[in-house]
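Given the sequences, and given the hints that come with them, work out the whole structure.
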Amino acid sequence: MSRTYRLRMNKKQQILAVIAILIIGAMGMVYLAFGTPTWNAENIDSANVVALTAAGSNANVTGVTTDGNKLEFTLGVEAAVIKIPLKDQWKDVKGTFTGMYVSLKGLEYTTVYELAKVYATDGSTDVYLGSITEDDKEKMLDIDTDDLDILDDFAKATFVIKFYDSQGNLVDCLSANVEQNLEIYGTVKADTSTITGFLSSLALALIVAVRKFIVSLTSALTSFLLAITTNSAILVVLGALVVVIGWFIVSGKKFWK
Numbered sequence: 001m002s003r004t005y006r007l008r009m010n011k012k013q014q015i016l017a018v019i020a021i022l023i024i025g026a027m028g029m030v031y032l033a034f035g036t037p038t039w040n041a042e043n044i045d046s047a048n049v050v051a052l053t054a055a056g057s058n059a060n061v062t063g064v065t066t067d068g069n070k071l072e073f074t075l076g077v078e079a080a081v082i083k084i085p086l087k088d089q090w091k092d093v094k095g096t097f098t099g100m101y102v103s104l105k106g107l108e109y110t111t112v113y114e115l116a117k118v119y120a121t122d123g124s125t126d127v128y129l130g131s132i133t134e135d136d137k138e139k140m141l142d143i144d145t146d147d148l149d150i151l152d153d154f155a156k157a158t159f160v161i162k163f164y165d166s167q168g169n170l171v172d173c174l175s176a177n178v179e180q181n182l183e184i185y186g187t188v189k190a191d192t193s194t195i196t197g198f199l200s201s202l203a204l205a206l207i208v209a210v211r212k213f214i215v216s217l218t219s220a221l222t223s224f225l226l227a228i229t230t231n232s233a234i235l236v237v238l239g240a241l242v243v244v245i246g247w248f249i250v251s252g253k254k255f256w257k
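In our numbering, the protein residues as written are 1 to 257.
Quick caveat, the hints were computed from the structure, so don't treat them as lab data. None of the values given here were measured: they were computed from a predicted structure. Among the clues, some could well be false.
Said to hold, decoys possible - Subject to a maximum C-alpha distance of 30 Å in a straight line, what follows is the list of computed BS3-like cross-link-like pairs (lysine-lysine):
{"no.": "1", "residue 1": "K70", "residue 2": "K105"}
{"no.": "2", "residue 1": "K137", "residue 2": "K83"}
{"no.": "3", "residue 1": "K105", "residue 2": "K83"}
Said to hold, decoys possible - Pair by pair, the computed Cβ-Cβ distance ranges are:
{"no.": "4", "residue 1": "G63", "residue 2": "E138", "range": "19 to 27 Å"}
{"no.": "5", "residue 1": "S124", "residue 2": "I15", "range": "26 to 34 Å"}
{"no.": "6", "residue 1": "D67", "residue 2": "E134", "range": "42 to 50 Å"}
{"no.": "7", "residue 1": "K105", "residue 2": "A55", "range": "23 to 31 Å"}
{"no.": "8", "residue 1": "T65", "residue 2": "Y109", "range": "19 to 27 Å"}
{"no.": "9", "residue 1": "V178", "residue 2": "V18", "range": "24 to 32 Å"}
{"no.": "10", "residue 1": "D135", "residue 2": "V243", "range": "53 to 61 Å"}
Backbone N, C-alpha and C fix where the C-beta goes; we use that ideal spot for every residue, glycine too.
Listed below in structure tokens is the structure:
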């Protein structure tokens, strides 16, 4: 003879169950709505964008502005290299880069280049990400995350674009004294495939969603929010709390008498 068991919950447990479901549902909806977290030109440290000549001299970048995926600037002299650092607010965001889009169509040139090579660097080591030909001028680069351990700390992430001629030499092809327009953005993911990594991905997606609403806040507050929402230890604690609450709900135990 079979028996039917009915889960009984008091009113307070029902409220807790609804809250837990809403939290998990909200995180899932954010992830579905915003997909893989991205960074774009607005996350670039515009004050520290640098351009160099083929000889290594400073090309005097001025008038740097960002708008969505677009980075605009002016060169004092013709240049062969552009260095693009991310803002310090990413210093506590843990994860890896999975892809990067670069469009060189908005740049002005004084001479034809053969190949543009894109690198990531921590200031001492350059990691090759891919190249863009003069004919294409735009490309989505698939990044081999195994080669990007140096970028586990996003604060060290600087992207470098180098322009070469047909002989494989750096060439000063970028025009001076005109507005240059570079389109750039990338995608990131959590650094593990565990539940912690999944929660990290959701947290990163949430950051993307709320970033538009906190741009008017101070950089210190922004850094604080990013650190809280992407710290693995905190995410583990939050995950454990959800599990404990769920266990109490299912078991019918009470938090209080």
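Evaluation of the provided hints:
{"no.": "1", "hint": "K70 / K105", "in the structure": "holds, 11 Å"}
{"no.": "2", "hint": "K137 / K83", "in the structure": "holds, 18 Å"}
{"no.": "3", "hint": "K105 / K83", "in the structure": "holds, 18 Å"}
{"no.": "4", "hint": "G63 / E138: 19 to 27 Å", "in the structure": "holds, 23 Å"}
{"no.": "5", "hint": "S124 / I15: 26 to 34 Å", "in the structure": "violated, 54 Å"}
{"no.": "6", "hint": "D67 / E134: 42 to 50 Å", "in the structure": "violated, 26 Å"}
{"no.": "7", "hint": "K105 / A55: 23 to 31 Å", "in the structure": "holds, 27 Å"}
{"no.": "8", "hint": "T65 / Y109: 19 to 27 Å", "in the structure": "holds, 21 Å"}
{"no.": "9", "hint": "V178 / V18: 24 to 32 Å", "in the structure": "violated, 59 Å"}
{"no.": "10", "hint": "D135 / V243: 53 to 61 Å", "in the structure": "holds, 54 Å"}
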